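Undergrad: What follows is the residue order along each chain.
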Amino acid sequence: MTAEATALTHTAGGGDHGTPGVHAGRGISNPILGMILFITSEVMFFSGLFAAYFATRAHNQPWPPNNCGEPPLAGCHSFAELLDPLGLILVATIILIASSFTCQFAVWAIRRGDRRGFVRNIAVTFVLGVIFLVMQAYDYTILFGEGMTIGSGAFGTTYYTLTGFHGAHVFGGVLMLGVILYRGLAGQFSAKHHDAVEAVSLYWHFVDVVWILLFSILYLL
Amino acid sequence: MATHALSPAAVPAYRGGLYEWLTTTDHKKIGIMYLVNSFLFFLVAGIMALLVRAELAFPGLQIFQNEHVYNEMFSVHASAMIFLFIIPILAGLGNYAVPLMIGAPDMAFPRINALSFWMLPLGGILLLLGFFTPGGAAAAGWTSYPPLSERGPLASPGPGQDLWLVSLILIGTSSILGAINFLVTIFKMRAPGMTLFRMPIMVWTVLVTSVLVLMATPVFTSALVMLYIDRNLGGTFFLPNEGGQAVLYQNVFWFYSHPAVYVMVLPAMGVISEVLPVFSRKPLFGYKAFIFATVGIGALGFTVWAHHMFTTGAVFLPFFSLMTAAIGVPTGVKMFNWIFTMFRGQLTFSTPLIFAIGFLTMFLIGGINGVFSAAVPVDFALHDTYWVVAHLHYVLFGGSVFGLFAAIYYWFPKMTGRMLSEGLGKLQFVLMFVGFNLTFFPMHILGIKGMPRRIADYADPTWNDWNLLASIGGFMIGASMLPFLWNVFISLRNGKIAGDDPWEGNPLQRATSSPPPPYNFDRLPEIRSERPVFDARHGLVEHDATPPVPPSLAAGDEAHRAIGPSA
Amino acid sequence: MSTSPRKRPASEAIVAGGVVILLIAIVGLVFWSGAGEWLYPPEPATEEAGAISELYNIVFALAVAVFVAVEGLILWSIFRYRRRPEDVDLPPQTHGNNLVEAIWTVIPTIIVLILFWVSWSTLNEVDAISAPAQRDLHVKALAGQFQWQFEYLDADGNHLATETRPLSPDGGGMAVPVGKNVYVTLVSGDVIHAWYVPHFLFKRDVIPGQVNEFEFRLKDEEAGQVFRGQCAELCGTGHRVMLFDVVAMSSGDFDAWLDQLVEKENATPPPAPSGQAAVEITAKDIAYDKHELEVPADAPFAISFKNDDAATITHDIDIRQGPGAPTLADEAPIPGGQSTQYSFDGLAAGTYQFFCSVHPGVPGMEGTLTVQ
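Note that the protein sequences, when read in sequence, are chains A, B and C. Using our numbering, read the first sequence as starting at 1 and increasing by one per residue. Using our numbering, read the second sequence as starting at 222 and increasing by one per residue. Using our numbering, read the third sequence as starting at 789 and increasing by one per residue.
Do not rely on the hints blindly, as some may be mistaken.
Unchecked claim - Here are the computed lysine-lysine pairs in the DSSO-like style, where the Cα-Cα straight-line distance is at most 27 Å:
1. Lys1052/C x Lys1072/C
2. Lys670/B x Lys968/C
3. Lys1072/C x Lys670/B
4. Lys192/A x Lys409/B
5. Lys928/C x Lys1078/C
6. Lys670/B x Lys1052/C
7. Lys928/C x Lys1072/C
8. Lys1007/C x Lys968/C
What the hints assert, rightly or not - Here's a subset of chain C near chain B, in silico, CB distances under 7 Å, partners left out:
9. Leu861
10. Ile895
11. Asp993
12. Pro1148
Simulated from the structure, these hints should not be mistaken for laboratory data. Owing to the predicted nature of the structure, the values given are computational and were not obtained by experimental measurement. Positions of the beta carbon are idealized from the N, C-alpha and C atoms, including for glycine.
Work out the full structure: start from the sequences and follow the hints.
TA: Here you go:
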């Protein structure tokens, strides 16, 4: 009456290979699921920072604070002026959004097996990402020159913390783009095997979405 | 003395040299390293606790001439116990057990698994290094509230606090990577036939724990980062004189730290849910209810954080009070399910079961005394007194640590191929159980009578006797570690050889050798319920019927009874 | 052949039952003998504390009931269902019971809701603050590292007088009239502290940047009692000594006391007797500005002391032979923003240490006094 132990071997998964990131008919692949979970954790990290921002802002009215005194010092630029949404930072924003598009083009290209299209678009994404970082750094130097640093009270602290961590995440993304660019040039990706590309593109889109939120909240609200 | 063997014996005692251990990505070895590393920090933090208790045994300052060092002692004790012991050791148990229980060959990302582990000894060393810096280790409590944890002549001007911050950011990252690993493994690498609702409860608890770690720990990281920025980069997040808010830290901190307590206890509850059925010879009562209760606790756990802040005057009291009381309901469901697993069973009082019963009885007390604090006005009296110290130790020690030892006695045979001595195990239990209650029950009294936490000395003479009693108990707990360590030492060499399945267990790890081969399984049995090995042994049984005795078992009565009541 | 559970010997049930009864008996004995008193809060001294104490009793009764019931069930199971040598067959493999699950979900939920309801109403009572016209007294408790001060304000919030000594044996303490609505605000200039009096069953955090408020009303019969309080939020190395007393007085006594305090504060300080050596020291950022002082031997001397820290930080200048030695001269601390003159008797020639008793052990608040 005892059931015999039935030998069962792991099926090696000979199913569906055409759908991107899908293995053995078991849904998305491990690395991509891992990246999605990682992005979730990063969303929570930024949530903590955003929560602190909103709490700090609510506690310090008016916002932005008046850093030029009453009456305003000559030659002093107020925080509101410095954070001009129509300035350089708008260009940087457009560049980052564009890079998300080129990133997605790259993904679509490799899904079709178009290796050259993939490399081209990833290279453009990489360059756009670097340009964003350079512009962000340049923007920082302008602000430093005007005397706005991370120590400039609640306003400076929250501004630099949020944009700084975002910039760090862009930097990480640029490194990852560099790696898949390299691997793409070395011919390591195909229509059937390009999990890393899918994962990095998800991360890059996440970085872009965070920036759109950041830009709206810091510059527009 | 093996019971019904289900797979050929693996090569016994597979051990590599030091290089093998340093570079391994095998989840079993990594799990064992987690266990050993975490246990070392348990001993270190335990000694700190003994120093604290030695100081408090009598009124006056005897050991710590400098109250600052006393503050460092309890701050690092708690930080190490939470972040370097209980959270990682349960993750280590999960690391060892989960792939085996779901029939997977390893975790989803073995190299990241190794990375997660190695960040821990590094983080621990950073934390402890604080003691050797001018100004000493972090001394603002494990909670490190600003402004006390900011720079300032009477606050935390030294690098010890910064080391604490960096260490915890590192350890938190290790946790998060581990959570990602567990979730992908559990969702994607189960053996054929193992649906989510056939997974052992241990795996469910690790799943829910991992979701909590994934969602909550990064928020803690953000609090640590902000405090670091305040201390070192001129930031003002938590500095009230410069536009910051002290309570902001508390909100961000507790948003993590409350779910963290479920991270600290859910896997231990998973262990209890594995041990009780095996030693009662009947299935866990209410498997599905259990899962819903676990998920419910996880979800509710995110809604109660401000009950740590009832006295700040900055909290919406009714909401948090209601949710805090509500979380008692799923916890109660679990408690009853465990009890009814034993009810009408056939209990064999091996050491794992005895520790599991210790868990049940002590965690119950911890749950009950927590309800007092959920009633907000009563919390006004109890907050920041020794009552809270009693509560937290009853749930974390009475709960998690007793559950941990149940797991150790239960899984040691699987991990090493040897049985631990039952006699020494029971001696440890008695010393630990008595010592534990002697230490922490008086703290209810001290708390309600008014003794605050975190003081190196006390002024009210009516508190003297209770403090002395608590200190004696504390040293008893310390003493209980001796039979345990001795037990491990001698059993590794001379313990009884364990077969594949020394406890007549239910989940899949019983379908492979002790210790398992590197790839875990030669063959997997059919999976048609949450107790695949039980089914393989006894045949699929109609719900609630009494199965007939399989001929192999009836004949092998002598051998199998050796693990029975007389053991 | 197989032993069905129903045929288990009755002796087992008796033993298990006996253990459970023993548990109930022990619990009963603890309370009947009065030992249970240890688990009760101190005698409530205020009306609000009375309400909290009643709530505690309700929760406590519930706790004992749940404890006995559940531990009893565990003990019963352990003793009744031990595996016996003849238990070869498995017991009935009960997987669960939905009805039972529903019962032990619904009943605790009801208990939880009742508990919440009761604590919510008590909370409204405890946290109630009357309109400004109904407040009989406004005390501002100032918490600093590591001392309490109590400032008395009039109905419009104007300063009347400050009691800078927190403890009753020193002649200080937070004096309050019984039977009146005492409105308290809490202010800190440095880190988080907490105002806690066990006999009030009450504490409230003192958070810098935020002003917390609460109100209490002492019971009439408490006049003449002194209630010890203590800081209950870790605030640094002096946390354990941040004690204070609440001194309950009858209305008349309190009015007289307050008048006296106001008078003392407004009195002109005595001039320094002529011929005394005067030394000046300032304290700022928890440090003296001088760490070496010299005075002539065997002659009384005075030290002009200015406290330049925030109002919540108190300092003083005490003298002892050396670290660890008993204090020879114990002066009253002054709050930040104030100055005073400390007069000392003549000292024999030698080396002494001067230090701040509110911040012992802080290197910046120690110095050498050379007497020659």
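Undergrad: Which numbered conditions among the earlier hints are violated in the structure presented, ordered from lowest to highest?
TA: Going through the list in order, the structure violates hints 3, 5, 6, 10 and 12 and respects the others.
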